[in-house]
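J.: Here the structure of chain D is known, so what remains is to put chain E in place on it, guided by the hints.
Taken in order, these protein sequences are the chains called D and E.
Take 0 as the starting number for the first sequence in numbering that gives the first Met the number 0 and just add one per residue.
Take 0 as the starting number for the second sequence in numbering that gives the first Met the number 0 and just add one per residue.
Calculated from the structure, these hints are not laboratory results.
Computed from a predicted structure; not experimentally measured.
Cβ atoms here follow ideal geometry from the backbone N, Cα and C, with glycine treated the same way.
Cross-link-like lysine-lysine pairs, in silico, DSS-like; alpha carbons within 25 Å at most:
(1) D/K237 / D/K165
(2) D/K143 / D/K348
(3) E/K428 / D/K70
(4) E/K346 / D/K73
(5) D/K348 / D/K303
(6) D/K78 / E/K346
(7) D/K215 / D/K183
(8) D/K237 / D/K164
(9) D/K125 / D/K348
(10) D/K290 / D/K388
(11) E/K428 / E/K346
(12) D/K109 / D/K215
(13) D/K70 / E/K346
(14) D/K73 / E/K428
(15) D/K348 / D/K378
According to the in silico footprint, chain D covers these stretches of chain E (three or more CB under 8 Å from chain D):
(16) 313-319
(17) 355-366
A few chain E residues that don't get close to chain D, going by computed Cβ distances all over 12 Å:
(18) W27
(19) F45
(20) R59
(21) R116
(22) V138
(23) L166
(24) G193
(25) L196
(26) S509
(27) H514
(28) E525
(29) V530
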Amino acid sequence: MGLDMPRTFFRPAAAAAALGAGLAHAAYDVDILPPASPIAQQIYDLHWAILWVCVVIFVGVFGTMFYSVFKHRKSVGAKAAQFHENTTVELVWTVIPFVILIGMAYPATKTVLDMKNTSNPDITIKVTAYQWAWEYDYLQDGVKFASLLSTPRSQIEEWEKKGEKKNADYLLEVDRPMVVPVGKRVRLLVTANDVIHGWYVPQLGINQYGIPGFVKDTWFTADRPGVYRGQCSQICGKEHGYMPIVVVAKPPEEYAAWVKEQQAKAAASGAAPVQVATVTHAVAMPDDPNKKWTLEELRTAGAKLYQANCAPCHQPTGKGMPPAFPALDGSRVVNGPKAAQVALVLRGKQGTAMASFAQLSDSELAAVITYTRNAWGNKAGEVLPADVKSARQ
Amino acid sequence: MSAAAPAHGHDHSHDEHAHAHPTGLKRWLFTTNHKDIGTLYLWFSFVMFLTGGVMALLIRAELFQPGLQFVNPEFFNSLTTVHGLVMVFGAIMPAWVGFANWLIPMQIGAPDMAFPRMNNWSFWLVVPAAILLVASFFVPGGAAASGWTLYPPLIIQQGMSIDMTILAVHILGASSIMGSINIITTILNLRAPGMTLMKMPLFAWTWLITAYLLIAVMPVLAGAVTMLLTDRHFGTSFFNAAGGGDPTMFMHIFWFFGHPEVYIMILPAFGVVSAIIPAFARKPLFGYASMVYATASIAILSFIVWGHHMFTVGMPAAGNLFFMYATMLIAVPTGVKIFNWIATMWKGSMTFETPMLFSIGFLCLFTIGGFSGLVLAITPVDITLHNTYYVVAHFHYVLVSGALFAIFAGVYFWLPKWTGNMYHEGLGKLHFWLSVIGFNIAFFPQHFLGLAGMPRRIPDYALQFAEWNLWSSVGAFLFGFSQLVFLYVVIECIRSGRKCEDRPWEGADSLEWTHLPCPAPYHTFETVPEVK
Numbered sequence: 000m001g002l003d004m005p006r007t008f009f010r011p012a013a014a015a016a017a018l019g020a021g022l023a024h025a026a027y028d029v030d031i032l033p034p035a036s037p038i039a040q041q042i043y044d045l046h047w048a049i050l051w052v053c054v055v056i057f058v059g060v061f062g063t064m065f066y067s068v069f070k071h072r073k074s075v076g077a078k079a080a081q082f083h084e085n086t087t088v089e090l091v092w093t094v095i096p097f098v099i100l101i102g103m104a105y106p107a108t109k110t111v112l113d114m115k116n117t118s119n120p121d122i123t124i125k126v127t128a129y130q131w132a133w134e135y136d137y138l139q140d141g142v143k144f145a146s147l148l149s150t151p152r153s154q155i156e157e158w159e160k161k162g163e164k165k166n167a168d169y170l171l172e173v174d175r176p177m178v179v180p181v182g183k184r185v186r187l188l189v190t191a192n193d194v195i196h197g198w199y200v201p202q203l204g205i206n207q208y209g210i211p212g213f214v215k216d217t218w219f220t221a222d223r224p225g226v227y228r229g230q231c232s233q234i235c236g237k238e239h240g241y242m243p244i245v246v247v248a249k250p251p252e253e254y255a256a257w258v259k260e261q262q263a264k265a266a267a268s269g270a271a272p273v274q275v276a277t278v279t280h281a282v283a284m285p286d287d288p289n290k291k292w293t294l295e296e297l298r299t300a301g302a303k304l305y306q307a308n309c310a311p312c313h314q315p316t317g318k319g320m321p322p323a324f325p326a327l328d329g330s331r332v333v334n335g336p337k338a339a340q341v342a343l344v345l346r347g348k349q350g351t352a353m354a355s356f357a358q359l360s361d362s363e364l365a366a367v368i369t370y371t372r373n374a375w376g377n378k379a380g381e382v383l384p385a386d387v388k389s390a391r392q
Numbered sequence: 000m001s002a003a004a005p006a007h008g009h010d011h012s013h014d015e016h017a018h019a020h021p022t023g024l025k026r027w028l029f030t031t032n033h034k035d036i037g038t039l040y041l042w043f044s045f046v047m048f049l050t051g052g053v054m055a056l057l058i059r060a061e062l063f064q065p066g067l068q069f070v071n072p073e074f075f076n077s078l079t080t081v082h083g084l085v086m087v088f089g090a091i092m093p094a095w096v097g098f099a100n101w102l103i104p105m106q107i108g109a110p111d112m113a114f115p116r117m118n119n120w121s122f123w124l125v126v127p128a129a130i131l132l133v134a135s136f137f138v139p140g141g142a143a144a145s146g147w148t149l150y151p152p153l154i155i156q157q158g159m160s161i162d163m164t165i166l167a168v169h170i171l172g173a174s175s176i177m178g179s180i181n182i183i184t185t186i187l188n189l190r191a192p193g194m195t196l197m198k199m200p201l202f203a204w205t206w207l208i209t210a211y212l213l214i215a216v217m218p219v220l221a222g223a224v225t226m227l228l229t230d231r232h233f234g235t236s237f238f239n240a241a242g243g244g245d246p247t248m249f250m251h252i253f254w255f256f257g258h259p260e261v262y263i264m265i266l267p268a269f270g271v272v273s274a275i276i277p278a279f280a281r282k283p284l285f286g287y288a289s290m291v292y293a294t295a296s297i298a299i300l301s302f303i304v305w306g307h308h309m310f311t312v313g314m315p316a317a318g319n320l321f322f323m324y325a326t327m328l329i330a331v332p333t334g335v336k337i338f339n340w341i342a343t344m345w346k347g348s349m350t351f352e353t354p355m356l357f358s359i360g361f362l363c364l365f366t367i368g369g370f371s372g373l374v375l376a377i378t379p380v381d382i383t384l385h386n387t388y389y390v391v392a393h394f395h396y397v398l399v400s401g402a403l404f405a406i407f408a409g410v411y412f413w414l415p416k417w418t419g420n421m422y423h424e425g426l427g428k429l430h431f432w433l434s435v436i437g438f439n440i441a442f443f444p445q446h447f448l449g450l451a452g453m454p455r456r457i458p459d460y461a462l463q464f465a466e467w468n469l470w471s472s473v474g475a476f477l478f479g480f481s482q483l484v485f486l487y488v489v490i491e492c493i494r495s496g497r498k499c500e501d502r503p504w505e506g507a508d509s510l511e512w513t514h515l516p517c518p519a520p521y522h523t524f525e526t527v528p529e530v531k
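The shape of chain D in the complex, shown without the other chains (with noise of 0.2 Å):
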């Protein structure tokens, strides 16, 4: 953090002092950034055009306010006129304001009109918000997977561990980034699975809430290669801070070669994928294959556990809130084979609100469902380590 001022206040041009991949970071960016779709163009050249004239406007009227203010004083012995009311004058000042904005409403309404045609798209990318992942599926192609924050927690949260060092795109990377291919008008069919959300990328020109059972459209053209990055633009709960967007626009022929690449590892895999949670890792547990675990230790990280990432549907007491959210006090899952929970564990259930939590480590799974099956009522026994690793595969 020098004490570098504010590059240059006034620049229309705007030097592309690009954002792109992993470049170092202005330290004190005063304007929008590097447009990269016709339509992000379009508002950097508005926005530009329209601050010009309110900073005209500011100083023509301001500097009469400051000119009276120092002629127009007491101490330098201003003695004060009685005129009022100039109907002139007070249409003069009604009626130009209001050509201004004629002026300006003209190139903002073409704008609009550009924006909401969304006809013609090369590819339809239908996104999917979710507390608190992104999940894109590529409705020709028949690519979907969901983009969570990759960004370790060990960096975020200062009073567990202080002083980490942050990485170059601390918050805003993510695990599988959005690709699209460049020069290609990409139609965008947002919705959101639980709450509000806003799928916001400045650089392409967008910001459009995702509506739960609602899907709304929009679109953009990528205009040349580059990673653009962006956030969750609407409060969507705890971790709406923590719901990044990238996405890579590549040139046509990789883009196509990227697409066949996950259609195969789709292929491989050969299961839907599920809607994935964010995990909270709340315990350091070491994911050590050779460690014998006791059913006391699990249960203890298993607790804490299960208060980050479970308790918010279950509920501490783990008496869930049915319907939406089951039991697990009770439960007949949680009290029955093994197998069978760490495989919904993993997986989620697909229409509910079960999610994957495939994310936490083997020792930390086995340590939250021996947590629940051995909490409250449940007397079920413990799950190792090695009962999830066997899952897994």
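T.: Relative to the frame of chain D, chain E by itself:
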């Protein structure tokens, strides 16, 4: 300081005229006197201002640097939510009602408000509402954490604090409606002979219009939160698509309330500034009639612009365009006001005591908020700035350096009338300069953060936002702690201020200055004044 025996800490002058008045706590509990109730409202709003301010400082402490240092994300969300609700419903609105109570009867030559008992009830309703709001932090699940807009379905997920918030909103709504009926009735029926509507001070005018806005929109908010309540507990699906409802409908209803609401907070500020600038320029307001018409135009337009809060919802192009044009139109009457104030200053004989300083601060900074509002009105630009820090900067320029600065200006202006004492001018000016500097360091950089794409209501942020956030936090703490100077000035003025003359401001010429001594006696205009 003054040799006069200091009055009791809690009041100004109540004993000369009053014989059977209860004293102590009972006086305040049972009072039907518009001045007492005005005082209650003003102190209440100051306490809420500090409460909301502490929340703001917790927010800025967390945002001082990237990473989570002090609060967890849920609590952070509760802080932003309750900060907003407390400042809007607990600080700004009650402060204006306090001004209305103190000033409107005196300015129109009425002995008191039209419904004194209802007036007492209006005030004593806001206290339990505020307690409900603040207490919701301590119930299981923590306070409302959905942003002050209370959007479903997020709000449906939360615990009993939401029910407390809804109840608080209902109570505050009832209080506001009663207060508004009282103000409208007072203005329309209790004006002294000769005090025609077009002779009223602009503060009375702006409050008359504000009161109509309140009556129009508070029931709308009440309806919206009632639907939330039934969605939460009684199996309705107003805002649940699975049951045939629509979350977007809540936004429409909320903002149909919400946009007039921002004018409810700012119109009385226009009234105060329209009283102060002519007084310190020693020159009549340039265009009185056009000010009245501009205020009314703004109020009417405020009903047809709510969609500009919803450009990212995905309304059809026609909807977006309509709301864009309507919103831009508001710049015209607002411009008329700004030009009028400057024309009033032009060729005046100005002095710059604290009320005037705050009014000039208001003029410059509120205009910056107006311009950023114009930028946000442009639908495509709004798309890239919606729910970013640019919006946070915009509405703080309008509500802090707009409404709040006008409240400060008004307090300094009328303190002599209220207390009979003069405040400490030097400390008042210190308060002004610290506030202006702290405020701008806190909020100007937020424009840049928004332009660079930093979303609002996040507890933690990417590294490129670190520098401006640091400055913003420094400014916020400076601004926050400067308000203790204000508290000191007010208390010093009440307890040991120098006795002031009956006309402390030579240019002030409304009834409360020309017909009444300082301090204003407990009962005023018991015999109706004649206005020429």
